[in-house]
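S.K.: Each chain, written out:
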Amino acid sequence: MVTLLSLYVSGIATILGSAIGIPLGALIGLKEFGGKGAVKTVTYTLYGFPPVLSGLLIYYLFSRSGPLGSFGILFTPTAMILAETLLVIPLVTGVTITSVMEVDRSVKDTVRALGATSRQTTLTIMREAWVGLVMACMIGFGRVIAEVGAAYLVGGNIEGKTRVLTTAIMLETRMGNFGWAIALGAVLLSVAMAVFFFLRLLQEKEML
Amino acid sequence: MKPDWRVVAAIAMVAVLVVATVVYLVLTQDHEKKTLRLATTTSTYDSGLLSYILPDFEEKYNCKVDVIAVGSGQALEMGKNGDVDVLLVHSPASEIKFVIDGYGEGRTLVMYNNFVIAGPSGDGAGTNSSRNATQAFTKIHDNGTTGNTKFISRGDNSGTNTKELSLWTSAGFNASQFSNSWYLSAGQGMGAVLDMCEQMNAYTLSDDATYYQRVSVNLIPHLNITYQGDPGLFNQYSVIPINATKWTHVNHTLAIDFKGWITSTGGQDLIASYVKYGHQLFFPNAPRNIPATMSSGIELHPGMPIGTVICNSASAGRIGPIAFVDVSKM
Amino acid sequence: MTESIRLDSVTKRYNDVTAVRDVSLSASKGEVLGILGPSGAGKSTLLRLMDLLEAPDSGSIVMNGKPVDAGTKQAADLRRNIGMVLQKPIALNRSVTNNLAYALRIRGWDESDIIDRVRAEMERFGLVDRRHKNARTLSGGEMQRLCFARVMIHSPDILLLDEFAANLDPANVALLEERVRQYAAEDCRRSIVLVTHNLFQAKRMCDRIALMWGGEIVEVAPKKKFFENPDDERTGAFVKGELVY
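Protein chains in written order, with my numbering: chain A, 15 to 222; chain B, 391 to 720; chain C, 232 to 476.
Looking at chain A on its own, in the form it has when it is part of the complex (with noise of 0.2 Å):
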């Protein structure tokens, strides 16, 4: 239970933080633009961004005191995933920037050449960098499934309800388990290894 709930508030954070993350990569990494060195600065900055200080974020826009608090989504696994996918973000479209600027020129003047318009140019250009996009996501994935600030300070660490492999983690670890918790650890890596497996199958197929 605490195994499914981890794989489903890492994975929609992980879809969601993508959604966002890689076509903001891809606008950042093709267009040109005044402060565009800022930008990706900023970016990679981002990667050092504090988990736990992502879910105070979302904390205090969510607590009942906020700014936000009517939709009571505080302590629920909503609040997680919208925790996890501000980490995503940064790493996604950080490592995309990188992926489309490696496409070879050749290729943008090519496909110019062979009449494509702006949105075509872009969409292939990605199609070529096709390798690091899904990089991008494993990398995001990994950050979010063992992260464990934001999740305990959003969730809650509720049983049955908003309580992950991290936060259990913790939670033996705190009360002395320690047996218990390297069990737990063993099965988060267990379910990570399953999850990139199969993502790397999905970056290494033959493109045809």
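You can trust all of the hints, since none of them are fake.
Okay, the calculated bits of chain A under chain C, using three or more residues with CB under 8 Å as the criterion:
#	segment
1	117–124
2	129–141
3	212–222
Here are the simulated DSBU-like cross-link-like pairs (lysine-lysine), alpha carbons at most 30 Å apart as the crow flies:
#	chain 1	residue 1	chain 2	residue 2
4	A	219	C	319
5	C	260	A	122
6	C	364	A	219
It is worth saying that the hints were derived from the structure and are not from the lab. By construction, the Cβ of each residue, glycine as well, lies at the ideal position given by its N, Cα and C atoms.
Model the placement of chains B and C on the given structure of chain A, informed by the hints.
M.R.: Coordinates of chains B and C only, in the frame set by chain A:
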């Protein structure tokens, strides 16, 4: 086009994730049950008491209790923000202020457990022979400043931390001025602090439940309870429903039901019957349970100032904690 | 209008280097125009300008009688009628079939029409055996044939070839040159601009030839005149292989 089995595998994975989501959502439907959000402290939760007593409440009132276990300071903060329905904490001074400031609807005593001083088995500071807890702390201070021993504080605004600081104050010290050559502020939970004391041969103030728990998993073989028994080391728990006029969305009915249940004979007996690590950990002392002969003849009426001693529980050889009048019960 | 594309006094700089300096040149319908010259003379840049991939710093480009600004939607539309083959071919990371189909897909062709057309081009260029392979596994010669097919499949009126034979073996060169000839013959509205440093190829294929050197056009002349009786002495020296650079 030949089917690319890797793409099929990827699609299968996404399908599995979606199915798992749906299954999960279906399984965790609350089946129309009402939910009570209870904020409590990590030490309370970790003792296992709640897992033991709550099923009775959940069955009687056909509801589900969501327990959120954090530090006392955080629990009170969550109460102020209206993010939970009821509190079960052990930080009397903070609780009083909480109720006075209007965040809670009264504070009702529920139970107490004991703080103990845990330290190295040799008891280098000689706390065991102290008259009372204050004197024990003085001894620790004197030994600490001469480099003979160390003390590790929770340093996290928890109930335990608050009690510890008040003991330093009553011994005439200002803890914020202690040197960190002997006084270490850990900012961690009780279990972690005990582990640190084990590693560093230091003293600390702990609740007995966490101490016994650590002993039971053999994590603190070199620590002992070096001092206990002083009534000043009571750790009083109270239940505080969150102010429903301020936060209209809170589950007020259930919160009041909870308060009623945990202070009822049934609830109190349940608390007393909880034995772990070979000890009864919690001692019920809700006002209803105080024998009439113990009320010492003070008349109670609404409007009485907070702070009045209303009971004197000599039965356990201890002076009971200062009890506050729960005006809502009158 | 007999000119398909004309450049008037076009100049293009990259940082401090002037790649193309005050060039005026035109290509007529039905002709094969060669551009000869040493490496670094600015030939590739010239082709990029002709393909409307970039805008000149000064001067103008006129297509079918109308002036064009690169980077506008007008240019993007016109570019659909121009095809370019580069010296170093680059294929998209997908199958040969999908590489060929790309130009048609982005133009919104029907899938059934695409299948027929792709099949036809593959047969013409001998790529049928490779059709399901990822294009990046092709040999150099196959790759260049792919790039040709990819460009010709959408039948542009202007074909720009940038030293396409530079890295190829004679068999492939012969095949592709023949295909270019066929392409020109199929439709008298087509123009072909062929950049090469191979004198013999220029002689084989071109109607008119321009000599480019140091970013400037030294001379433009019909083939016979270019080789036998050029106006400029540099042309004569180049033809004899004596131009020192």
